[in-house]
Amino acid sequence: MADTVAHAHSAHPPGFAHQFEDIEQQREASTLGMWVFLVTEILFFGGMFASYTIYRSLHLPAFETGSRLLEVKFGAINTAVLICSSLTMVLAIRAAQVGKGKAQIAFYLILTMILGATFLGLKLRFEWYHDYIEHIVPGFGFEYRPEWGSLAPQVQMFMCFYFFMTGLHALHMVAGIGVLSVLTIMAARNRFSAEYYAPLDISGLYWHFVDIVWIFLFPLLYLIGGRYAIGGGH
Amino acid sequence: MSTALADIHEVPAESRVNYLNAAYGIKSWLLTVDHKRIGLLYLASITLMFFVGGTAAVLMRMNLIEPQGALLEPETYNKMFSTHGIIMVFFFLVPSIPATLGNFLIPIMIGARDVAFPKLNLMSWYLFITGSTFALYAVLTGGVDTGWTFYTPYSSTYAHTNVIAAALGVFIAGFSSILTGLNFVVTIHKMRAPGMTWFRLPLFIWAMYATSVIFVLGTPVIAVTLLLLGVERLLHVGIFDPAIGGDPLLFQHLFWFYSHPAVYIMILPGMGVISELITAFTRKKIFGYTFVAFSSMGIAVISFVVWGHHMFVTGQSVYAGLVFSVLSFLVAIPSAIKVFNWTATLYRGSISYQAPMLYALGFMGLFTMGGLTGLFLASLAVDVHLNGTYFIVAHFHYIMVGGAVMAYLGGIHYWWPKITGRLYPDLWARFAALVIFVGFNLTFFPQFMLGYLGMPRRYAIYPAEFQVLNVMSSAGASILGVGYLIPLVYLIWSVRYGPPAGPNPWGAKGLEWETPSPPPTENFEVPPVVTEDAYNYPTREVARG
Numbered sequence: 001m002a003d004t005v006a007h008a009h010s011a012h013p014p015g016f017a018h019q020f021e022d023i024e025q026q027r028e029a030s031t032l033g034m035w036v037f038l039v040t041e042i043l044f045f046g047g048m049f050a051s052y053t054i055y056r057s058l059h060l061p062a063f064e065t066g067s068r069l070l071e072v073k074f075g076a077i078n079t080a081v082l083i084c085s086s087l088t089m090v091l092a093i094r095a096a097q098v099g100k101g102k103a104q105i106a107f108y109l110i111l112t113m114i115l116g117a118t119f120l121g122l123k124l125r126f127e128w129y130h131d132y133i134e135h136i137v138p139g140f141g142f143e144y145r146p147e148w149g150s151l152a153p154q155v156q157m158f159m160c161f162y163f164f165m166t167g168l169h170a171l172h173m174v175a176g177i178g179v180l181s182v183l184t185i186m187a188a189r190n191r192f193s194a195e196y197y198a199p200l201d202i203s204g205l206y207w208h209f210v211d212i213v214w215i216f217l218f219p220l221l222y223l224i225g226g227r228y229a230i231g232g233g234h
Numbered sequence: 001m002s003t004a005l006a007d008i009h010e011v012p013a014e015s016r017v018n019y020l021n022a023a024y025g026i027k028s029w030l031l032t033v034d035h036k037r038i039g040l041l042y043l044a045s046i047t048l049m050f051f052v053g054g055t056a057a058v059l060m061r062m063n064l065i066e067p068q069g070a071l072l073e074p075e076t077y078n079k080m081f082s083t084h085g086i087i088m089v090f091f092f093l094v095p096s097i098p099a100t101l102g103n104f105l106i107p108i109m110i111g112a113r114d115v116a117f118p119k120l121n122l123m124s125w126y127l128f129i130t131g132s133t134f135a136l137y138a139v140l141t142g143g144v145d146t147g148w149t150f151y152t153p154y155s156s157t158y159a160h161t162n163v164i165a166a167a168l169g170v171f172i173a174g175f176s177s178i179l180t181g182l183n184f185v186v187t188i189h190k191m192r193a194p195g196m197t198w199f200r201l202p203l204f205i206w207a208m209y210a211t212s213v214i215f216v217l218g219t220p221v222i223a224v225t226l227l228l229l230g231v232e233r234l235l236h237v238g239i240f241d242p243a244i245g246g247d248p249l250l251f252q253h254l255f256w257f258y259s260h261p262a263v264y265i266m267i268l269p270g271m272g273v274i275s276e277l278i279t280a281f282t283r284k285k286i287f288g289y290t291f292v293a294f295s296s297m298g299i300a301v302i303s304f305v306v307w308g309h310h311m312f313v314t315g316q317s318v319y320a321g322l323v324f325s326v327l328s329f330l331v332a333i334p335s336a337i338k339v340f341n342w343t344a345t346l347y348r349g350s351i352s353y354q355a356p357m358l359y360a361l362g363f364m365g366l367f368t369m370g371g372l373t374g375l376f377l378a379s380l381a382v383d384v385h386l387n388g389t390y391f392i393v394a395h396f397h398y399i400m401v402g403g404a405v406m407a408y409l410g411g412i413h414y415w416w417p418k419i420t421g422r423l424y425p426d427l428w429a430r431f432a433a434l435v436i437f438v439g440f441n442l443t444f445f446p447q448f449m450l451g452y453l454g455m456p457r458r459y460a461i462y463p464a465e466f467q468v469l470n471v472m473s474s475a476g477a478s479i480l481g482v483g484y485l486i487p488l489v490y491l492i493w494s495v496r497y498g499p500p501a502g503p504n505p506w507g508a509k510g511l512e513w514e515t516p517s518p519p520p521t522e523n524f525e526v527p528p529v530v531t532e533d534a535y536n537y538p539t540r541e542v543a544r545g
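Going down the list, the protein sequences come from chains F and A. In terms of the working numbering, the first sequence has 121 at position 121, counting the first letter as 1, and numbering is strictly consecutive. In terms of the working numbering, the second sequence has 537 at position 537, counting the first letter as 1, and numbering is strictly consecutive.
Only chain F is shown next, with the shape it has when bound in the complex (with noise of 0.2 angstroms):
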């Protein structure tokens, strides 16, 4: 065992960094990174959602009140859009996986950009802006309407927990955005191969993870607010 030391570096593959041994090694630490990565950001967003939790259960009817302000409309739709943005993520690293072009790889990244962009563009356009118009933004001119009674100021509450959470969420997706058009510039410089993709692997793994939270705030926000109650027991 003493005497078998592989340290032969020739022939790097492209993309190939000196502290590895090999690219398989640097394959496996770059994924394995992105899921310690990912693992602190469920840590980051569970924080809120844990506070979420909590004042739910002590406040639920202002919760509710403060859920039907939503526009589930935009809310679904967005929801189909993120979706159909994993897919397209999924699809661009499927096509370096099998050794396609660069112009299908920078393709599928582009029109990822283009769902996230809608994304984000339908969020600030007809909810935030709206809710900014109605005042219903804490801190930007909230103003407590008769019809909330004495819940108005718990429902000021949850559109705190509305828009940090929202918010956070498309930083995130704004981040994304930006490491996926570094990809599409590598891509368009024929970065990408069959044998190294892990870029686009690791990334494809955040832009999950940023559609997955989205999916557990979907229903936590828009959902669960009473809106479809069956009997109306409150």
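One or more of the hints may lead you astray.
Claimed, not checked - Which residues of chain F face chain A? A few of them, derived with a C-beta cut under 10 angstroms, are:
#1 Ile54
#2 His130
#3 Phe140
#4 Phe142
Derived by calculation from the structure, the hints in this document are not laboratory data. For glycine and all other residues, C-beta sits at the position ideal for the given N, C-alpha and C.
Given the coordinates of chain F, assemble chain A onto it according to the supplied hints.
Chain A only, in chain F's frame:
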């Protein structure tokens, strides 16, 4: 093991290319991706932060010489203890051993060329520096007076100090921790040399792995909490705001979900260092390797389920308090396993009392005292009496200063010849270790008594009957301060004037001692292959019967 060892002794250190003389100039440091240089960048930055935090402590102890306050306005005193806490916890203790010794040693100890993500490693340091800059800005432009805990609603609504700058500094430095932890987890999983199995890893690596897990799982929670706090302070509305149904206790839950595990971020690396020191200076295999390794993981796991013991008296339900009390007692088990195993390692060892070993022995005694007084505080009824008093202050200083800082200094002294290639004057080092030990105990033991007698923490003034003990504490603090300055002088001196250390001045085991001092940029001239367990010291022939 290494074939290169033979000629290491003959070639003088200066004529070999190593990580220090491989490149010169400020740029070669600020843009380096070498884990060893990054470790030194951290060493310089946290040393600066240590003396900033220490200055605040000196001012506090000077003020407390007189019952009416000898020096500071009460508002200034509040800023001093907040500065001391924030700087020492987030900008010294949390990064101390992991970011300096961990960065320097982890790749070498596991036989790798570098960490898994060297550029990310450099980025972590820049994040740390950015965070430190915000924190120092907060201190220099009026200070912050919330205490290091940033409790709401004081921090979110009522404080008129630089809360946002300080919290932003902690938030940014938090990402430095997260990325460092991520880097270490991946490095330890994926970068080990051939033959370096998990159970051949030095115990320092196990401790760093456990620490990294806490970095990764805990730090994001405080990051989001401070973000929420900052937004609430800016917009005057947020989820901790009692006016809209918010519960300040939620802030405490989220804060301690990180900040209790953070205590283990500070002490676990220290425990790892001690395992290395004890074996090196007793010339013995560690007693119960597996137990010591798994106790690190055990501490990491338990650390996440005990946070409620900080809230026994702040409105948490009694039943939650009961559960948290029982869980807190559990931490004693893996901690005691470590202390007992170190003690058992001493038995029939060839003990030599060089400076690092003095720190290690000091650690064992002081950590034991800190740990046992922690059990007092884990008991609900006793905690009601002691919570918010100097007993708490003394308890956590025995862990963080008597434990973590002693281990840090022990580690720095142990690996200094490896880092710099130079020996420091051992007599001075032993003297400094003793001064620190004496100064520490004189500073903090009286605080146990003060707390038990009922003196609350965080006050600029106190009743006259507490003066004798407070003067003792302040006198001890001045001795402690001198004790910290002595190593600063002779360690810097040694870089230029110290005699060459050679690859293995202590005759210790471990991959880091099989490469030249200072190591080459690639860490090993020949990539190592590991064929034996950690601490494989020759068994001493002992006449039995």
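Results for each hint:
Restraint check, Ile54 of chain F versus chain A: the minimum CB separation of about 6 angstroms is within 10 angstroms; hint holds. For His130 of chain F, the suggested interface contact is broken, since its CB lies about 19 angstroms from the closest CB of chain A, more than 10 angstroms. A least Cβ separation of about 8 angstroms between Phe140 of chain F and chain A falls short of the 10 angstroms threshold, and the interface hint therefore holds. The interface hint given for Phe142 of chain F holds, since its Cβ lies 7 angstroms from the closest Cβ of chain A, which is under the 10 angstroms cut-off.
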